[in-house]
Every structure is written in structure tokens, then in C-alpha cells.
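**Student:** If you want the building blocks of each chain, they are given just below.
Protein chains: 2
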Amino acid sequence: MKPLFLITNDDGYYSRGLQHLVSVAGEFGDVVVMAPDRNASGLSTSITTSRPLRVHPVGNGAENHFACDGTPADCVKMGYEHFCPRRPDIVLSGINYGSNASINVIYSGTIGAVLEACLDGFAAIGFSVLSHSPETDFNACTPTIRHILQQALLHPIPAGSALNVNIPRLPANQIKGVKVCRQAQAQWVDSLEKRTDPIGRPYWWMTGKFVCDNPPHDSDQYALNQGYVSVVPIRPDFTDYAAFGSIQYFEK
Amino acid sequence: MKPLFLITNDDGYYSRGLQHLVSVAGEFGDVVVMAPDRNASGLSTSITTSRPLRVHPVGNGAENHFACDGTPADCVKMGYEHFCPRRPDIVLSGINYGSNASINVIYSGTIGAVLEACLDGFAAIGFSVLSHSPETDFNACTPTIRHILQQALLHPIPAGSALNVNIPRLPANQIKGVKVCRQAQAQWVDSLEKRTDPIGRPYWWMTGKFVCDNPPHDSDQYALNQGYVSVVPIRPDFTDYAAFGSIQYFEK
Chain F
3 MKPLFLITND
13 DGYYSRGLQH
23 LVSVAGEFGD
33 VVVMAPDRNA
43 SGLSTSITTS
53 RPLRVHPVGN
63 GAENHFACDG
73 TPADCVKMGY
83 EHFCPRRPDI
93 VLSGINYGSN
103 ASINVIYSGT
113 IGAVLEACLD
123 GFAAIGFSVL
133 SHSPETDFNA
143 CTPTIRHILQ
153 QALLHPIPAG
163 SALNVNIPRL
173 PANQIKGVKV
183 CRQAQAQWVD
193 SLEKRTDPIG
203 RPYWWMTGKF
213 VCDNPPHDSD
223 QYALNQGYVS
233 VVPIRPDFTD
243 YAAFGSIQYF
253 EK
Chain Z
3 MKPLFLITND
13 DGYYSRGLQH
23 LVSVAGEFGD
33 VVVMAPDRNA
43 SGLSTSITTS
53 RPLRVHPVGN
63 GAENHFACDG
73 TPADCVKMGY
83 EHFCPRRPDI
93 VLSGINYGSN
103 ASINVIYSGT
113 IGAVLEACLD
123 GFAAIGFSVL
133 SHSPETDFNA
143 CTPTIRHILQ
153 QALLHPIPAG
163 SALNVNIPRL
173 PANQIKGVKV
183 CRQAQAQWVD
193 SLEKRTDPIG
203 RPYWWMTGKF
213 VCDNPPHDSD
223 QYALNQGYVS
233 VVPIRPDFTD
243 YAAFGSIQYF
253 EK
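Residue numbers (this note's numbering), protein chains in the order written: chain F, 3 to 254; chain Z, 3 to 254.
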């Protein structure tokens, strides 16, 4: 039987990035799409508990493409529990417009979906390209996606782990290769910009400047800066194992 | 100068858990509250990028209590960037109704706020109690919160790390002590319950059963099951360091 891919994203069903990923994954197996029905960027691993969820077939639903009014993580649960004809072999998320390297991963709905899939016991991969432009050339991502899918089908991703793949914004023949990395530390500074509405009341827009000076050579941000694709193995565990010994004073 | 606490939560400003935390923290220093203006549970580390944010003083604002129409992570950024009279010494989140132990941490808006504060360079602590009951006796949490705040003011939390504190639902004198732990692995199964609306269309409610059999003895879930408070050092890094060597086949 062909491999089955469950595919979602956080930019919403109508994103060109999603459609491109669907087309490349379709070379390797069958596809079910369950994607947010609108932009769901920045939703992290949110789940929807305060209202019920609806699912809309795209077209007549015969192609197994669906849009859901929930978050990316909701879409993963919905997709494999209720809309996949068999257990998906790999859950894919993306291609996201914009970097999910370094600490961006923590806000990312694209990666929220990947972490949800990982918690649910699935192999999972998130793809992002370092471009927010509507003219992004997703064809330049195709060789990378083919390589990663081929490898993931040949050598299963270790259980409990998932992949966060970021692709530099370069023509395919200028991408230097693929590097396995760790997540770089960084900061978003000056986050909220204050403005005044027409009747004099304040409001704030989320904005900010990404600061990641001198990222370590084994980090995703460094690899991307050098023109490589970064692959970070991730897992849904926030434990700071290094801090263990130094906080024993909290015990009693 | 007295310590300054910036306090938020995910259950919303009107939660008794928040009000209790404000009152205990007030014994140790000054307090600024910037909390979501409504329930924001399950929002993880979401940030709001698609619309601007508003802030509403509670009462006349003289007590430095504010409600914001954003997520818990938004509230942290808003609080320290625009509403704190000086740099907060510790960012607090909670007291959350319900467990944020084990993998619940990944969905938690309470912990989303803590991770945001950690990324922004602040010491941060999230408090949760293992009860969803509106009659929850938050006074039973007071000795634990006092102990943790005392320790955190005496011996700073290591830079880059934050604390996820879960309190069992027990009278104060039956709580056995405080244990430093790691996050237990677990699963939510059977997540989405299908129903049919009055005109025959399907919808789904997020639900599910938490399964965490035989948690390891050094995990938060085990400590809580034994009647201890669990303290997990956490940090915003998803890298699966253990998987590094075994995924080199993705390189090229």
C-alpha cells in the first residue's frame, strides 16, 4: 500500500505553500489535507476547547481535501481521527511562509501541528521557507522536500521525535546542502507598537525585531545564514534537564 | 526597593486563581496584573498578529490591574513593555484551574506566558492546581506559593530556565512536600467527539482522556500522584538532543 500523508499548515488552506507541499508529497503516496480554513499563524500548539469545530470539504471532498475552522493542532487530531482512510504514515505541515528556525518555533502553528502529531505517536515534519513574499518560488523547495521525504520513508524518524525543516530563500542550485542542527537561542525585541485610534484611544500591534547575534555553529540559524537547509529534531518536552541540579533548593 | 511581580494567567482576569496569586504575591512585593479579559485556556504560546490589542484598566487602573484582549503571551509582552513602572523581578502565571503537568504543558496558556517571559529574559513561574472545581480551595495552595516565592527571591532561578509548579488537590496539611521533577510523557486519546446539530450537520467537541500509565519516579505526574507538589524546570527549546546522532541520514 502507498504511504499516506496527512497534511496541514498554519497559513490556511488557500496558501500556495500548502498546495505545493501537497503536490510534492503526492509523488510519494496518497494525501489527505486537513488545513485551517483561514490564516492561523502564531497559534503555537493551541487547541480549541471553548466552541465546537466544523469541517468543510473542499470541492466535493472526493480528493480528501478539507478545511477546518480550528487551529493547526486541531486539524491534526481531526484529520487522523475522523478523515483518514487509514493511519497516516507521516504528518506534514507547511510549507510555511517565513522562518520557523530558532525561537520562532515556539509561536509557530506550523510546528504546533508537528508537535501535536508527535504527541499522538506519528512521524511528523514541518517545512518552512525563509520568505514572506507572495511571489515566493516554492519550486526552489522541491528538491529539499523530495530528499527529506525519501529519507523519512527509508529510515523512520526516531519515535517521539519530529523534524523542523527550514529552507533558505535561494534558488535550488544555490542551496548548499542539508544540516542537522539544534535550535538557536534568540530574542524578539520591541514587540508591541502603540498607536492611537481616530477617537483617541490606544491600541497596540504585535511587531518586533528578531535578534540572533552570533548563533552557534551547530544551530539552525547559523546553517540558514550559510545557505544550508536546517533540520532540527524536536520533541514536545520543555524540561530543562541542565537546570535540574541547580534548583534543588525548591524541594522541601 | 520591593520586588515587582508581573502577574497573568490563562483563565482570565476574573478567575479566583489569579486573584489568590495576586494576594499571596502582594505579601512579598508590588504587583502589576495584565491578564486576558476572558478565558484563554488552551492557547499555548499563541501571539496575536492579525489584529491590534486593547488594554482595559480594571476599576480606575490605580491598582495596576489591567485586562487585555490578547493571549497570555501577549499579556506578558504588553505588561512589561508598557505597563510596569520598572523591570519586573519575576513574572507569575496562574493559579491555573487544572493540571499543567506532563504533556498538558504544551497546550497551556498559563505556561505559554511563562515561556514568553523566559524568552524575554525574565525569571518566571507558573502555578496550577489539580482541580477544575469552582469551589477549589486556593488557600490550600498558599503555603506552597509562599515557599516557592521565598526561594525564588533568595536564590534566583537559573537564567534561561523557568518553573512549572503543579499543586495536588489536597488540604495544605496533607501535601507531602515539593519535588523537582521532569515532565512525564503521556497521551490524550479519543480527542474529538462528533455530534450532529439540529439541522443534521456534524460538529466536533475537543475532549479526550488523559493516559499516563506508570509515570517514571522522577516525573511530575508521579510526584503529584504521591501527594507532592511538582516543580519542573522548563525552557523554550524543543531540540531533541538525544535524537541528534540518529538522524544524520537527513544531511547531504
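Bear in mind the hints are in silico, worked out from the structure with no lab data behind them. Model, not experiment: these values are computed from the prediction. Glycine residues also receive a C-beta, built at the ideal position from the N, C-alpha and C atoms. Hints may be right or wrong, so weigh each one.
To be verified - One side only, chain Z facing chain F, incomplete, derived with CB under 10 angstroms:
1) ARG53
2) VAL60
3) GLU118
Stated by the list, open to error - Negatives, chain F to chain Z, calculated, CB over 12 angstroms:
4) PRO5
5) GLY31
6) THR73
**Student:** Indicate, hint by hint, whether the structure satisfies it.
**Tutor:** Consistency of the hints with the structure:
| no. | hint | result |
| --- | --- | --- |
| 1 | ARG53 | holds (9 angstroms) |
| 2 | VAL60 | violated (16 angstroms) |
| 3 | GLU118 | holds (8 angstroms) |
| 4 | PRO5 | holds (17 angstroms) |
| 5 | GLY31 | holds (19 angstroms) |
| 6 | THR73 | violated (9 angstroms) |
The structure does not agree with the numbered hints 2, 6 stated previously, though it agrees with the rest.
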